[in-house]
Amino acid sequence: MQGMSRHGVSGRAALGGTGRLADDLYLLAHHEVTGRPHLQPRAAGLGVAGGLLAELMLSGSIGLHAGQVVVAGRCPLEDAAARSVMRLVAGERGQHVAGDWLQFLSRTAADDVAFRLEQSGYLARVASRRPWRAQRWVPVDPESAFAPVLRVKLALDPSQPAAAQNVALAGLAAACGLSRHLALYLPDGAYRHIQQATGCLQPALRELIAHTQAAVDAALLSHRV
Amino acid sequence: MSRTSAAQRRPSSMSRALARDRLGVPAVLFFVLAGVAPLTVAAGVIPSAYATTGLAGIPAAFIVIAVVLAFFATGYVAMTRHITNSGAFYAFIARGLGRTMGVAAALVALLSYSFLQVGLYGAFGPNAAAEAAAHFGVHAAWWAFALGAWAVITILGLLRVDITGKVLGVLLCAEISVIIAETVTGLLHPAGGQLSFATLSPAALTSAGFGTFGVLAVVAVLGFVGFEQAPVLAEEARNTRRTIPIATYLALGMIAVVYAAVSWAMAAHAGGTRVVAAAQQQGPGLLFGLGGSGVLSQAAQWLFLTSLFAAALAFHNCVWRYIFALGRENVLPAALGRTGGNNIPQAASLTQSATALAVIVLYAVAGWQPMTQLFFWLGTTGGFGVLILLALTAIAIIMFFAHDSRGESAWRRLIAPTLAAALLTGIVILAATHYSTLLGVPPGSTAAWALPASYALIAITGLAWGLILRTRRPGTYAGIGLGAHAVTGQLTPASDRSR
Chain A
1 MQGMSRHGVS GRAALGGTGR LADDLYLLAH HEVTGRPHLQ PRAAGLGVAG GLLAELMLSG
61 SIGLHAGQVV VAGRCPLEDA AARSVMRLVA GERGQHVAGD WLQFLSRTAA DDVAFRLEQS
121 GYLARVASRR PWRAQRWVPV DPESAFAPVL RVKLALDPSQ PAAAQNVALA GLAAACGLSR
181 HLALYLPDGA YRHIQQATGC LQPALRELIA HTQAAVDAAL LSHRV
Chain B
1001 MSRTSAAQRR PSSMSRALAR DRLGVPAVLF FVLAGVAPLT VAAGVIPSAY ATTGLAGIPA
1061 AFIVIAVVLA FFATGYVAMT RHITNSGAFY AFIARGLGRT MGVAAALVAL LSYSFLQVGL
1121 YGAFGPNAAA EAAAHFGVHA AWWAFALGAW AVITILGLLR VDITGKVLGV LLCAEISVII
1181 AETVTGLLHP AGGQLSFATL SPAALTSAGF GTFGVLAVVA VLGFVGFEQA PVLAEEARNT
1241 RRTIPIATYL ALGMIAVVYA AVSWAMAAHA GGTRVVAAAQ QQGPGLLFGL GGSGVLSQAA
1301 QWLFLTSLFA AALAFHNCVW RYIFALGREN VLPAALGRTG GNNIPQAASL TQSATALAVI
1361 VLYAVAGWQP MTQLFFWLGT TGGFGVLILL ALTAIAIIMF FAHDSRGESA WRRLIAPTLA
1421 AALLTGIVIL AATHYSTLLG VPPGSTAAWA LPASYALIAI TGLAWGLILR TRRPGTYAGI
1481 GLGAHAVTGQ LTPASDRSR
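Taken in order, these protein sequences are the chains called A and B. If you read the first sequence in the numbering used here, its first letter stands for residue 1, the second for the next number, and so on. If you read the second sequence in the numbering used here, its first letter stands for residue 1001, the second for the next number, and so on.
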């Protein structure tokens, strides 16, 4: 990772982010200063799990066929978390629908990605003030933790060419319940803009976003969020 | 058998991991019973029903309706295995009778559960006022306590706080223990020293004419509301073929035994038909008095309040989930299907809070009687709405399996649902034609036709809206009944979207 310092990433490099979708989604789902979550844990887990699958889709490693996650290619993956998910997909006997993968990955996705962000210098682990609570992660630099919001804003600007990764980030953020939070920083009609922008994504990513939203809504409706 | 095929038959690590997280029968059963709030029915509904209808056959009605609902549940849990969003009646009706009927059913369900929720404030207010006056010397009108409960439920709804499973579990166990203790004590001290079984006899159902069965059936169905909730957890269940059916049948059996026994104990303790006069004099005290006036009675009175509050919060959550799902499907305005911070569906929750506030204020200003005219009238009307939905769902189950048995036996897909549909439809007709008896008002009074007619009005509105969606917004129409899965509705096979 370029621009890393002992205590985190240095200014300009940090604002560019890690280049990984799930990392940006994790940062979007947590307060840029305190690290407090904007989402219920299960919704955050499903959203970040969607982010991990989207990373593999964007790299051409996996695809969706009739709603099922399938191996699409064997691209070299630098990141350990992505390699771990890829190993799971490739090693699984039989294929599973995207909803099952989201449920499965959501159990550990948020912690895995937080650990990855800690390794990259974006998060630091601090002890909770309450002794019975586990350690929590807080952003090292509030500006770099807030930068994903700017990337979403840029992706929704019709006058700029939008990167598919940032559009997918906006779609997944809305799917797991962050649209009201994002609306604070985006122009009026942000929700509609996100829907329009994600409509231009490749079909597999659109489908993954829809499955993520369905999983979050289903958890909400079944009293499990 | 080769090593490869044996390995393929073993569940994968992912399947095993997901199965570990899923819910077994005890968890689903507990979820269902916690929403039933047994003391609300035992101390609130049953004495009010004796007092208002003037009928003594309530114990027999609980048993007969449990059998009818067992027929219903046979097809209901079978269809649960084949559809998404199986936690809502309108999803069954949309798949079995078409999406236009699904919209009508969704609005009927929304109105029914809203009646049930708002009605609970009518019991909480006066009973909290009585307890406050007796123990704390605080004297205030019933509506002040009802508004207090409303405010707390509104805040909890906005904070997305369900009373935790552990708290509900403790309350549920305490409520059932108190009901059993009161029942046993009441049966040990029957009026005249002779235990009568008359109110348990099927003859008691038609003691004042055949139509009274419809009235008693509505009261019984009101007691069972909540048993239909098990399929809400279908996607979370460890084994959909076994977990949901077992939990549903166990819940039905337990509710039937507890309610039939406690209502029988009240009749036996008061003495046959004298139970009606006793209920009119004592109200919820009909239950509390079974065990004398000691600690048991006092515990029952406090638990009655917590039970009413928990039920009001549970129905509040049930109503906003309906509003939210319909907003997600774009059947209601999409803004109702959005969430704010922490995944809180603020608009849906506030909509129900606004409805409840309007009703409490209306009753307070008009000076209408809360226990009878708010709790019992709106509660039984909510129960009547659920009865209509049960009948429509039974017909929908038959239609759903009519062209494709989907591997279900004739008993589950045809015979049991047909029996349920015939019996439930008959009960709906009987209840509608004897609604004045149900409410305890003279025939022809405004409430006796206006309350049941509200369902006809909203059903017609739903049918019209469904037809408009069909022609003007086919994308929305295709997602009706899919709930959370409406967003992936376009991804389902075309064969599943034929209606």
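Hints are computed from structural coordinates only; laboratory data are not their basis. Treat each hint with caution, since some may be false.
According to the in silico footprint, chain B covers these stretches of chain A (three or more CB under 8 Å from chain B) [claimed, not checked]:
{"no.": "1", "segment": "33-46"}
{"no.": "2", "segment": "125-135"}
{"no.": "3", "segment": "180-191"}
Computed from a predicted structure; not experimentally measured. By construction, the Cβ of each residue, glycine as well, lies at the ideal position given by its N, Cα and C atoms.
Hint-by-hint comparison with the structure:
| no. | hint | result |
| --- | --- | --- |
| 1 | 33-46 | holds (count 5) |
| 2 | 125-135 | violated (count 0) |
| 3 | 180-191 | holds (count 3) |
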